[in-house]
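Trainee: These protein sequence lines are chains S and X, in that order. Each step along the first sequence adds one to the number in this note's numbering, with nothing skipped, and position 110 is 110. Each step along the second sequence adds one to the number in this note's numbering, with nothing skipped, and position 142 is 415.
Please keep in mind that the hints were generated in silico from the structure rather than gathered at the bench. A few of these clues could be false.
Here chain X is said to cover these stretches of chain S; the calculated rule only asks that three of the stretch's residues, wherever they fall, bring their Cβ under 8 angstroms from a Cβ of chain X [what the hints assert, rightly or not]:
#1 48-54
#2 70-78
#3 87-98
#4 128-140
Here are the simulated BS3-like cross-link-like pairs (lysine-lysine), alpha carbons at most 25 angstroms apart as the crow flies [what the hints assert, rightly or not]:
#5 S:K120 - X:K584
#6 X:K375 - S:K114
#7 X:K285 - X:K375
#8 X:K375 - S:K38
A few chain X residues facing chain S, derived, Cβ under 10 angstroms [claimed, not checked]:
#9 P518
#10 N531
#11 N532
#12 G598
#13 S600
#14 H608
#15 L610
#16 G639
Every residue gets a Cβ at the ideal spot worked out from N, C-alpha and C, and that includes glycine.
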Amino acid sequence: MQMNTKFKPLENVPLNADPSPRAISICAEKVNVFYGEKQALFDIDLNVGANEVTSLIGPSGCGKSTFLRCMNRMNDTIDTCRVSGKITLDGEDIYSRDIDVVELRARVGMVFQKPNPFPKSIFENVAYGPRIHGLAHTKTDLERIVVTSLQKAGLFEEVKDRLQQPGTSLSGGQQQRLCIARAIAVQPEVILMDEPCSALDPIATAIVEELIDELRQNYTIVIVTHSMQQAARVSQQTAFFHLGNLVETGPTEKIFTTPDDPRTESYITGRIG
Amino acid sequence: MTDSSASNSRQKRDFGLKRRYAAERRFRLFGQAAIGVGLFFLAALLFTVFSKGYTAFGQTSLNLDITFDAQLIDKNNARATDPDVLLTPNYAVLARDALAMKLGLGKLSSKDRKLVDGIISNGTKVQLRDMVMANPAIIGTTQNIWILAEADIDSANKGQIDLSVDEKRRKVSDRQLEWMAQLKADGTLAQRFNFGLFRNGASSRPEMAGLGAAMIGSLYMMLIVLVLALPIGVAASIYLEEFAPKNRFTDIIEVNINNLAAVPSIVFGLLGLALFINFAGLPRSASLVGGLVLTLMTLPTIIIATRAALKAVPPSIRSAALGIGASRMQMVFHHVLPLAAPGVLTGTIIGLAQALGETAPLLLIGMVAFITDAPVTPLDPATALPVQIFMWANEAERAFVERTSGAIIVLLMFLAVMNITAILLRKHFERRW
Ligand SMILES: Nc1ncnc2c1ncn2[C@@H]1O[C@H](COP(=O)(O)OP(=O)(O)OP(=O)(O)O)[C@@H](O)[C@H]1O
Ligand SMILES: [Mg+2]
Numbered sequence: 001m002q003m004n005t006k007f008k009p010l011e012n013v014p015l016n017a018d019p020s021p022r023a024i025s026i027c028a029e030k031v032n033v034f035y036g037e038k039q040a041l042f043d044i045d046l047n048v049g050a051n052e053v054t055s056l057i058g059p060s061g062c063g064k065s066t067f068l069r070c071m072n073r074m075n076d077t078i079d080t081c082r083v084s085g086k087i088t089l090d091g092e093d094i095y096s097r098d099i100d101v102v103e104l105r106a107r108v109g110m111v112f113q114k115p116n117p118f119p120k121s122i123f124e125n126v127a128y129g130p131r132i133h134g135l136a137h138t139k140t141d142l143e144r145i146v147v148t149s150l151q152k153a154g155l156f157e158e159v160k161d162r163l164q165q166p167g168t169s170l171s172g173g174q175q176q177r178l179c180i181a182r183a184i185a186v187q188p189e190v191i192l193m194d195e196p197c198s199a200l201d202p203i204a205t206a207i208v209e210e211l212i213d214e215l216r217q218n219y220t221i222v223i224v225t226h227s228m229q230q231a232a233r234v235s236q237q238t239a240f241f242h243l244g245n246l247v248e249t250g251p252t253e254k255i256f257t258t259p260d261d262p263r264t265e266s267y268i269t270g271r272i273g
Numbered sequence: 274m275t276d277s278s279a280s281n282s283r284q285k286r287d288f289g290l291k292r293r294y295a296a297e298r299r300f301r302l303f304g305q306a307a308i309g310v311g312l313f314f315l316a317a318l319l320f321t322v323f324s325k326g327y328t329a330f331g332q333t334s335l336n337l338d339i340t341f342d343a344q345l346i347d348k349n350n351a352r353a354t355d356p357d358v359l360l361t362p363n364y365a366v367l368a369r370d371a372l373a374m375k376l377g378l379g380k381l382s383s384k385d386r387k388l389v390d391g392i393i394s395n396g397t398k399v400q401l402r403d404m405v406m407a408n409p410a411i412i413g414t415t416q417n418i419w420i421l422a423e424a425d426i427d428s429a430n431k432g433q434i435d436l437s438v439d440e441k442r443r444k445v446s447d448r449q450l451e452w453m454a455q456l457k458a459d460g461t462l463a464q465r466f467n468f469g470l471f472r473n474g475a476s477s478r479p480e481m482a483g484l485g486a487a488m489i490g491s492l493y494m495m496l497i498v499l500v501l502a503l504p505i506g507v508a509a510s511i512y513l514e515e516f517a518p519k520n521r522f523t524d525i526i527e528v529n530i531n532n533l534a535a536v537p538s539i540v541f542g543l544l545g546l547a548l549f550i551n552f553a554g555l556p557r558s559a560s561l562v563g564g565l566v567l568t569l570m571t572l573p574t575i576i577i578a579t580r581a582a583l584k585a586v587p588p589s590i591r592s593a594a595l596g597i598g599a600s601r602m603q604m605v606f607h608h609v610l611p612l613a614a615p616g617v618l619t620g621t622i623i624g625l626a627q628a629l630g631e632t633a634p635l636l637l638i639g640m641v642a643f644i645t646d647a648p649v650t651p652l653d654p655a656t657a658l659p660v661q662i663f664m665w666a667n668e669a670e671r672a673f674v675e676r677t678s679g680a681i682i683v684l685l686m687f688l689a690v691m692n693i694t695a696i697l698l699r700k701h702f703e704r705r706w
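Generate the whole structure from the sequences, applying the supplied hints.
Mentor: The structure is reproduced here in structure tokens:
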């Protein structure tokens, strides 16, 4: 099982350096998504800036997760799902024939709504990605990647004595941070997070939010959230979805203070949702 | 609202708790009763089989000093030039003489001769002939050897013959019983472990009939089923479950696999006869053909079990693997399959156990033959344990009854070994999550 040979992220990144390539931007143009006959997204145009946190907000079922999944083509795994339109990653169309999804998903990491660690050890959870992508050539390299990733996810101190225990034995918040560490370990350029804090208590949420803020230095981040406060706290750009349409997008501050669209205003003040 | 009305309305609310608990108690009782009945029948089955069958593992034998009389075996001393002369003599006489001597009988009357012959197994002459053929140097010497007693003597010795029946209608005469007591007292006649049961092939004489050909046949078939059905079944399930697009075509395949699992096994026998023997020209009665037929039969079971095990793996694990850039293949083999392995194993063992106990399709491909020599390769004629049980169950002689039960015990042992292996393997895989 050899990885796509085009993908050699280590070429210009020294191992002991910060394992994160430069962040890049994403640009969506006229994206339509169908589940079978049913259209879930209508003509979405959205630019996600590099080194920025973009939050997607909107009522349940409006298509936030669907849009997020378009950006690393996880929608490909849903049989009924069809995507049309254009999404470019650093100028490259990710739906073009030349793009290998495996490579794409290594570049665009994802953290899911429900923590989903592998039923393997904590170490294995983080080491799996680097291992299949051949990011480490020696055992020490691999250990270094695991430790750095766990540190960046703010989990290392809590688990350093029990790296061999199953990842599923951690608490929900720890599991979510483990999943973040797992995503970081592959050295992605973009991280997509689907309601990463929905299963967490306020303390764990605060830790993850702090983490997101730090990660912004090196990554482009898109986060789906139901919490207005969270969107306001962590993101620079906010996009409001409603019934499959992108209603409004702009700097977070503006969306939350002087939105252009009445629907946005109703939502953030709690009248639709 | 006043206090009294509040408490009133509280009293009136009926949650039906009594009824609900009663229903639960009833259900528990039903469950326990069902398990009780099941256990009772299991115990009854095991008890009958073991109580009838354990005696088959011992065989009454005679320890005799047999003189290989050169006069009788090779009168003209021609064996150096023509070894075939050793094939023809009546070796039974040697054993008869030895036994008569042991019993202290002089010259035998023809009636006595019949009775003495009736104690010794028919197979003895073959046993002695083979000894002489293998080593002609023993001609002229006296050897102490164990020979088998006749099946009726064996039954009498095990107390399976009703002695209150009139002598004329009994298979063992009073005279023979007297001799038996005498031989038993001086240690000539004794029960020995029945190795022949595991070594010998089919025989019309119960004391010489064994499961050798059947056990090797069954073993070969199990190996063939395991080697073919497991990889094919698992690969097919993985493809259908993880790679194949979900459309009409795969739906039809799925329905058909489910239907195949319900097809009577004898139909697979017909298919095997037409396909493997008539069309492909494979030999009849061979364990290879049996194994192939059983593979066809077992595949649906393994596929259904494996697909169920794969379906039970949470989709979040798949997303997790794909989300960090694992290929589908890596997702399946690194994450999904290890989690499904216990289920796959269980399905495989159930399929194998079914195949091990299958008789009907084997009858159609000629595995019901009278096989006297244990098969060496899977292409040699063989039979199978359940077929052997079936054949012995049809025999009239008393001594075959215990052999039938004994063969069932051997079959159950096979199953037990397979199940224990499965449990150990499952434990092993579960520990690795
Ligand atoms: N796998 C699927 N198959 C069919 N329809 C789907 C599927 N996933 C989502 N949908 C539909 O697409 C629409 C958008 O769903 P999506 O999950 O993107 O919403 P969301 O904004 O993430 O909602 P939430 O905030 O509740 O997570 C919904 O109407 C949903 O029913
Ligand atoms: Mg969602």
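Trainee: Would you mind marking each hint as holding or not holding in the structure?
Mentor: Now for the hints, and whether the structure bears them out:
1. Here's how the stretch 48-54 of chain S fares: 0 of its residues keep a CB closer than 8 angstroms to some CB of chain X, so the rule of at least three is not met and the hint is violated.
2. Judged by the Cβ-Cβ criterion of 8 angstroms, the stretch 70-78 of chain S is covered by chain X as claimed, because 3 of its residues qualify and three suffice.
3. Residue count for the stretch 87-98 of chain S with a Cβ under 8 angstroms from a Cβ of chain X: 0. That is fewer than the three needed, and the coverage hint is violated.
4. Judged by the Cβ-Cβ criterion of 8 angstroms, the stretch 128-140 of chain S is covered by chain X as claimed, because 4 of its residues qualify and three suffice.
5. Annotation: proposed proximity of K120 of chain S to K584 of chain X holds, straight-line Cα distance about 19 angstroms (limit 25 angstroms).
6. Simply put, K375 of chain X and K114 of chain S have alpha-carbon atoms about 87 angstroms apart, too far for the 25 angstroms limit, and the pair is violated.
7. Using a Cα cut-off of 25 angstroms, the hinted pair K285 of chain X and K375 of chain X is violated, with the two alpha carbons roughly 96 angstroms apart.
8. Distance check on the hinted pair: K375 of chain X and K38 of chain S sit about 97 angstroms apart at the alpha-carbon level, beyond 25 angstroms; violated.
9. Given the 10 angstroms rule on beta carbons, the hint for P518 of chain X holds: about 7 angstroms separates it from the nearest Cβ of chain S.
10. Contact between N531 of chain X and chain S, as hinted, is not supported at the beta carbon level, the nearest pair being about 21 angstroms apart and thus beyond 10 angstroms.
11. Against a cut-off of 10 angstroms between C-beta atoms, the interface hint on N532 of chain X is violated, since the closest Cβ of chain S lies about 24 angstroms away.
12. The beta carbon of G598 of chain X is positioned within 10 angstroms of a beta carbon in chain S (closest approach about 3 angstroms), and the interface hint is therefore held.
13. For S600 of chain X, the interface hint holds, the least distance from its beta-carbon to any beta-carbon of chain S being 5 angstroms, beneath 10 angstroms.
14. Residue-level restraint check for H608 of chain X holds (minimum Cβ-Cβ distance to chain S is 6 angstroms; threshold 10 angstroms).
15. At a threshold of 10 angstroms, the smallest CB-CB gap from L610 of chain X to chain S is about 13 angstroms, leaving the interface hint violated.
16. The interface hint given for G639 of chain X is violated, since its Cβ lies 45 angstroms from the closest Cβ of chain S, which is over the 10 angstroms cut-off.
Comparing the model with each earlier hint shows violations of hints 1, 3, 6, 7, 8, 10, 11, 15, 16; every other hint is respected.
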